[in-house]
Amino acid sequence: MGTPALANEPLAVGTSVRIRTLMPPGHVRAPVYLRGKTGTIERAIAPFKNPEQLAYGLPAKEHMLYRVRFRAGDVWDKNAENPDDMIEAEIYAHWIEKMDQSHAA
Amino acid sequence: MPHDHHDHLSPSGHPYRADDDTPLSYWQTMEIAVRELLVEKDITTAEEINAQIDAMDARSPAIGAAVVARAWCDPEFKIRLLADASAASREMGFDIGPMHLIALENTANTHNIVVCTLCSCYPRNLLGLPPDWYKSRAYRSRAVVEPRKVLSEFGLTLPDEMQVRVHDSTADMRYIVVPAQPEGSFGQTEEELAAWITRDSMIGVGLPQAPQ
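So the protein lines, in turn, are chains A and B. Taking this note's numbering, the leading residue of the first sequence gets 1, the next gets one more, and so forth. Taking this note's numbering, the leading residue of the second sequence gets 1, the next gets one more, and so forth.
Think of the hints as simulated: they come from the structure by calculation, not from any bench. Quantities reported herein were computed from a predicted structural model and do not represent experimental measurements. Even glycine gets a Cβ: it sits at the ideal position worked out from N, Cα and C. Some clues are possibly wrong.
[To be verified] Pair by pair, the computed Cβ-Cβ distance ranges are:
#1 A:V13 - B:R17: 46 to 52 Å
#2 A:V13 - B:E40: 27 to 33 Å
#3 B:D95 - A:V32: 42 to 48 Å
#4 B:T157 - A:V32: 27 to 33 Å
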């Protein structure tokens, strides 16, 4: 388990992170196949209004949007076509946990 | 992979398209009601709506091809494009609206491919409307699981040493692949080069092709 990355300091490129495993209903942009998977911060993009609220016309809080890079082998385990291929996706800060040092690669 | 096949052709050779003899869906009814209300209340006009549809239809992969061709010809522009693709596209005079764009460079050892697993996010202002297969469940689910198999079905078989990077447009960014310039095209003008750059090469499911 890691520490949620909601803190104000932006995560540095290369930081080891895990996508949270919540299953809320609604307009969620963190794809299910990446939840619970570990990757690294590829870049911090910018703060964007949270689509989970925006989609319903609710007042939306801004969250930092990151691009997170995952090894195919870490996402699909033995089923990966080529474990060293990469998947990169945009993930909002409130879906990201910073990995504890003991878990970081 | 579902290329734009037309399996069923009419005797005159046109693809069949079923007549839309079905009742309007809830959302179609809603769209018509909202549109008519906006016109009735003078918030917009039928002409404005039509002009916007024409503007959307006028966008084509030629815009993206012009951007990539510039990057092939002008190393300084390529640096700016990779740093901020929205700003670089605007610099060329393209109206890309509020789109947040990231350009992904194919290199000798990296191949990029773009998908939107959650819906059908696509850089429409640069490439026009997405092809039907881009919106299909098959492409959206398989591109992240078995990208090499999907690419081989598009006729692109990559060596094991080349790393495949799949970019899932999950949120606010849109993506364009900057394919590597083919050897046969060196020395050509920017305008000539643009003809090599196919829509598929900017999605990452193809490579630039010599113009026919």
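For each hint, the structure was consulted:
| no. | hint | result |
| --- | --- | --- |
| 1 | A:V13 - B:R17: 46 to 52 Å | 49 Å, holds |
| 2 | A:V13 - B:E40: 27 to 33 Å | 52 Å, violated |
| 3 | B:D95 - A:V32: 42 to 48 Å | 36 Å, violated |
| 4 | B:T157 - A:V32: 27 to 33 Å | 30 Å, holds |
Consistency note: the structure conflicts with the earlier hints numbered 2 and 3.
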